[in-house]
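Novice: Given next are the chains, with one letter for each unit.
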Amino acid sequence: MAEEREKILEVKNLSVGFLSHGKKMHVIRDVSLDVYKGETLAIVGESGSGKSVFTKTFTGMLDVNGFIDPKSSIKFHGEEISKKKTTKEWAGIRGKRIATIFQDPMTSLNPLLTIGYQIMEVLRLHHGLSKQEAKEEAINLLRKVRIPEPEKRIKDYPFQYSGGMRQRVVIAIALACRPEILICDEPTTALDVTVQAQILQLIKELQQEYNWTTIFITHDLGVVANIADRIAVMYGGQIVEYGTAEDIFYEPAHPYTWALLSSLPQLGSKDEPLVYIKGNPPSFNTEIIGDAFAIRNEYAMKIDYVMDPPMFQISDTHFAKTWLLDKNAPKVEKPLIIQNLRARMKQAAKDLKREVGDYDEK
Amino acid sequence: MATYIIGYLLIILVVAFVVFVELVGHKVIFVNNARIQTIFGHPLLRYSLRRIGSAIISILLAITATFFLIRFKVDANGGLDFCKKVVTNWDKMNETIAWAQCAATKANLGITENWFVDLFTYFFNILPFPKTICVSSFESVVDEITGSVQYYEVLTGCRTTVMYLGRAFFITAANGEFVTDVIFSKMGVSFEVGIIAVLVEIFLGYPMGMMMARRKDGIFDRIGNAYIISIDAIPGVAYYYIWMVILCTLIGLPRKYEAGNFLTLLAPALTMGFTGMAGIALWVRRYMLDEFNSDYVKFARSKGLSENRILAVHILRNAIVPLVRSIPAAVLGALLGTFYLEKIYVIPGVGGLLVDANDKSDFYVLQGIIIVSALISVVSYLLGDIVTAVIDPRISFSKE
Chain A
2 MAEEREKILE VKNLSVGFLS HGKKMHVIRD VSLDVYKGET LAIVGESGSG
52 KSVFTKTFTG MLDVNGFIDP KSSIKFHGEE ISKKKTTKEW AGIRGKRIAT
102 IFQDPMTSLN PLLTIGYQIM EVLRLHHGLS KQEAKEEAIN LLRKVRIPEP
152 EKRIKDYPFQ YSGGMRQRVV IAIALACRPE ILICDEPTTA LDVTVQAQIL
202 QLIKELQQEY NWTTIFITHD LGVVANIADR IAVMYGGQIV EYGTAEDIFY
252 EPAHPYTWAL LSSLPQLGSK DEPLVYIKGN PPSFNTEIIG DAFAIRNEYA
302 MKIDYVMDPP MFQISDTHFA KTWLLDKNAP KVEKPLIIQN LRARMKQAAK
352 DLKREVGDYD EK
Chain B
9 MATYIIGYLL IILVVAFVVF VELVGHKVIF VNNARIQTIF GHPLLRYSLR
59 RIGSAIISIL LAITATFFLI RFKVDANGGL DFCKKVVTNW DKMNETIAWA
109 QCAATKANLG ITENWFVDLF TYFFNILPFP KTICVSSFES VVDEITGSVQ
159 YYEVLTGCRT TVMYLGRAFF ITAANGEFVT DVIFSKMGVS FEVGIIAVLV
209 EIFLGYPMGM MMARRKDGIF DRIGNAYIIS IDAIPGVAYY YIWMVILCTL
259 IGLPRKYEAG NFLTLLAPAL TMGFTGMAGI ALWVRRYMLD EFNSDYVKFA
309 RSKGLSENRI LAVHILRNAI VPLVRSIPAA VLGALLGTFY LEKIYVIPGV
359 GGLLVDANDK SDFYVLQGII IVSALISVVS YLLGDIVTAV IDPRISFSKE
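The listed protein sequences derive, respectively, from chains A and B.
Adding 1 to a residue's 1-based position in the first sequence gives its number in the numbering used here.
Adding 8 to a residue's 1-based position in the second sequence gives its number in the numbering used here.
Source of the hints: derived by calculation from the structure; they are not laboratory data.
Think of the CB as a built atom: it goes at the ideal place given N, C-alpha and C, for glycine as much as any other residue.
Heads up, some of the hints might be wrong.
To be verified - Looking from chain A toward chain B, a few residues come up when the C-beta cut is under 7 Å (computed): (1) Leu34; (2) Gly49; (3) Arg95; (4) Thr101; (5) Phe103; (6) Asp105; (7) Asn111; (8) Val123; (9) Lys145; (10) Ser316.
Starting from the given sequences, assemble the full structure and let the hints guide the process.
Specialist: So this is what it looks like as structure tokens:
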């Protein structure tokens with residue numbers, strides 16, 4: 002089914018490195034992924050797995066010492082964009098057709114300029130509107146992201162807003178460009194839980210209205226479950242498993258995905274200790290040989306330390322990069338929590354309802 | 009007479025203004041006109057008035073402290089040290105006559121036995137309201153037959169003035185001149201040089217810092233850093249001499265100051281400007297580099313804005329917020345001059361005056377310079393605060 006949809010972004014064999022103290026470090030290692038028009042793709046992984054760097058290459062926002070391997074290819078609507086370098090070359094794509102929302106709304110806005118100015122700046126640049134037109138459109142956008150009394154608030158400065166309000170403004174700026182792809186780089190991490198839900202809901206609704214493609218970076222699987230159509234799991238600069246949300250939550254195949262799901266605190270029960278992934282993510286200072294996850298993986302086999310596994314296809318939509326899927330691999334039991342995930346989720350939902358109910362009665 | 013009327017009218021206006029602002033601010037008076045309410049109730053205005061109020065108190069305290077220090081010096085050792093200094097040929101003179109001359113000089117200066125009476129007379133004289141000051145000079149004549157000393161008071165003239173800072177007797181070529189006249193004429197000279205220097209500092213220092221930040225570690229950045237470090241490392245006086253050699257000996261600019269000749273201002277102004285520019289460039293570069301890495305600059309870049317626009321609109325403005333505060337201080341500080349610079353280029357400015365007055369115990373001049381420089385620093389910090397508030401909307405001066 003996915004194959005019939007239009008590919009908006011095709012990433013092939015992407016490798017990204019950084020030059021640090023005269024040494025090259027490869028932090029994205031040979032990643033291929035297609036993004037389809039109109040979907041919500043979530044990229045999950047722990048800190049340092051390369052999620053942000055991966056998406057930064059779509060808008061040429063790598064740091065100065067970063068470089069894309071010449072063999073890599075990123076095609077946006079069939080146009081090769083991985084070779085673009087200067088701001089001039091990126092004109093028309095960055096900000097206009099691919100927009101990004103960053104993690105911390107508290108610092109994403111310029112503190113000395115009004116909210117209105119920062120929105121109008123984009124409108125005037127990308128759509129060539131006059132000052133008056135831009136102002137009207139900015140008010141419209143603020144209304145869209147549900148800022149009350151936008152006519153008055155357009156003259157406000159960011160410091161007059163709370164974190165949630167600022168993230169709404171950031172979204173309004175992203176909206177202003179009417180992008181085809183919206184990259185959300187952990188947009189709710191810095192917000193508290195209730196505001197998180199509101200912002201997620203807002204992004205979801207606006208996506209339905211504007212019909213853009215969302216690439217959602219997060220380390221929170223709870224957030225992902227809420228909004229993602231497809232999920233890609235990153236580890237050590239590689240995508241280790243990707244598939245539909247159903248695939249990843251109910252039929253996970255990679256031990257790292259198992260570990261991630263097992264460590265979700267929402268799914269633990271009170272009598273079991275909280276599961277966590279032992280060890281640290283790999284360092285890129287030395288070259289990684291074999292499977293990057295092997296040293297932390299209790300299911301690791303000898304071959305994991307020697308050879309990098311290929312991507313195995315499990316179904317039309319579901320792929321995983323682990324030797325466990327090789328026909329010679331022994332059959333292993335998934336962790337207990339994953340085996341009855343569906344039942345656990347139902348239980349968790351029921352518990353939550355009961356707690357809320359108790360609270361209401363009080 | 010006209011001075012009196014205008015002076016008192018001004019004082020009444022100022023007092024009425026301050027009282028009105030405070031009353032509006034404390035919501036004792038309600039004004040129906042919204043515009044008047046916002047102007048007079050503006051937190052910045054009340055903040056400024058309070059700052060001026062507390063500044064006046066601290067200036068008065070500073071005056072009191074220096075006044076007593078100076079008087080302590082005058083009366084030390086039974087007044088002998090002071091008298092020896094102010095009476096020429098003390099050792100060769102008859103002791104009675106010498107003491108009589110010293111007493112006459114003290115009378116000229118307005119020094120009595122009572123410190124507190126003198127202090128309050130001084131306070132009264134410096135309060136800014138119009139008053140007529142009559143100056144007279146005392147001369148001592150010794151009756152050769154009886155050996156007694158008689159004083160003659162000769163009235164030399166009266167003058168209406170707003171602020172009377174005393175008279176100068178001992179500094180070079182000041183024969184009982186009003187201290188205000190001495191200071192203001194010297195200030196004019198210092199300012200001529202200083203303001204050109206400040207302009208050079210700002211108009212070269214800011215672009216230099218910007219260019220260094222824009223291409224960090226580039227060739228311009230390296231040269232600039234070398235210059236900044238060398239200025240920091242070499243003592244100021246040595247640096248002034250280096251620039252003097254370059255500007256005067258090598259390029260051939262005139263070294264000695266002449267009143268009314270613009271060309272003679274160039275060498276000292278450039279010496280000071282080129283030195284001060286390094287400090288400004290250092291901070292502009294540093295603050296701009298901080299901004300380059302800030303999240304909103306990254307976000308601005310991801311919006312697709314051009315590098316020039318990001319630099320001009322998003323980086324520069326934020327980077328100069330902490331820097332503009334010092335601009336009024338630099339401009340007003342130009343009034344006070346620098347001693348070494350004035351010495352090298354033979355400029356008759358305030359820097360030299362201060363040292364001269366201190367050497368010769370011309371303490372009303374000393375006191376005058378202290379008051380003027382205190383006023384200048386108070387005003388320049390207040391202006392700095394206001395300028396910062398104008399460009400940074402986050403700063404508000406209300407307590408809420």
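Novice: Holds or violated: the hint that Thr101/A contacts chain B, with Cβ atoms closer than 7 Å.
Specialist: With a minimum Cβ separation of about 4 Å from chain B (threshold 7 Å), the hint on Thr101/A holds.
Novice: Should the interface hint for Lys145/A be scored as holding, given a Cβ-Cβ cut-off of 7 Å against chain B?
Specialist: violated (17 Å)
Novice: Quick check on the hint: Arg95/A CB to chain B CB, less than 7 Å?
Specialist: Holds: closest Cβ of chain B sits about 5 Å from Arg95/A, inside 7 Å.
Novice: Let me know if the C-beta of Gly49/A comes in closer than 7 Å to any C-beta of chain B, holds or violated.
Specialist: Violated: closest Cβ of chain B sits about 19 Å from Gly49/A, beyond 7 Å.
Novice: Can you verify the interface hint for Asp105/A: is its Cβ closer than 7 Å to any Cβ in chain B?
Specialist: holds (6 Å)
Novice: How about Asn111/A: closest beta carbon in chain B under 7 Å, or not?
Specialist: holds (5 Å)
Novice: Is the hint on Leu34/A kept, meaning its closest Cβ partner in chain B is under 7 Å away?
Specialist: With a minimum Cβ separation of about 21 Å from chain B (threshold 7 Å), the hint on Leu34/A is violated.
Novice: Under 7 Å, Cβ to Cβ, is where Phe103/A needs to be relative to chain B, so tell me if that hint holds or is violated.
Specialist: holds (6 Å)
Novice: Can the hint on Ser316/A be confirmed by a CB-to-CB distance to chain B that is less than 7 Å?
Specialist: It is violated, given that the least Cβ distance between Ser316/A and chain B is near 35 Å, above 7 Å.
Novice: Taking 7 Å as the limit, does the beta-carbon of Val123/A come near enough to a beta-carbon in chain B?
Specialist: Holds, about 5 Å.
Of the numbered hints listed earlier, those contradicted by the structure are 1, 2, 9 and 10.
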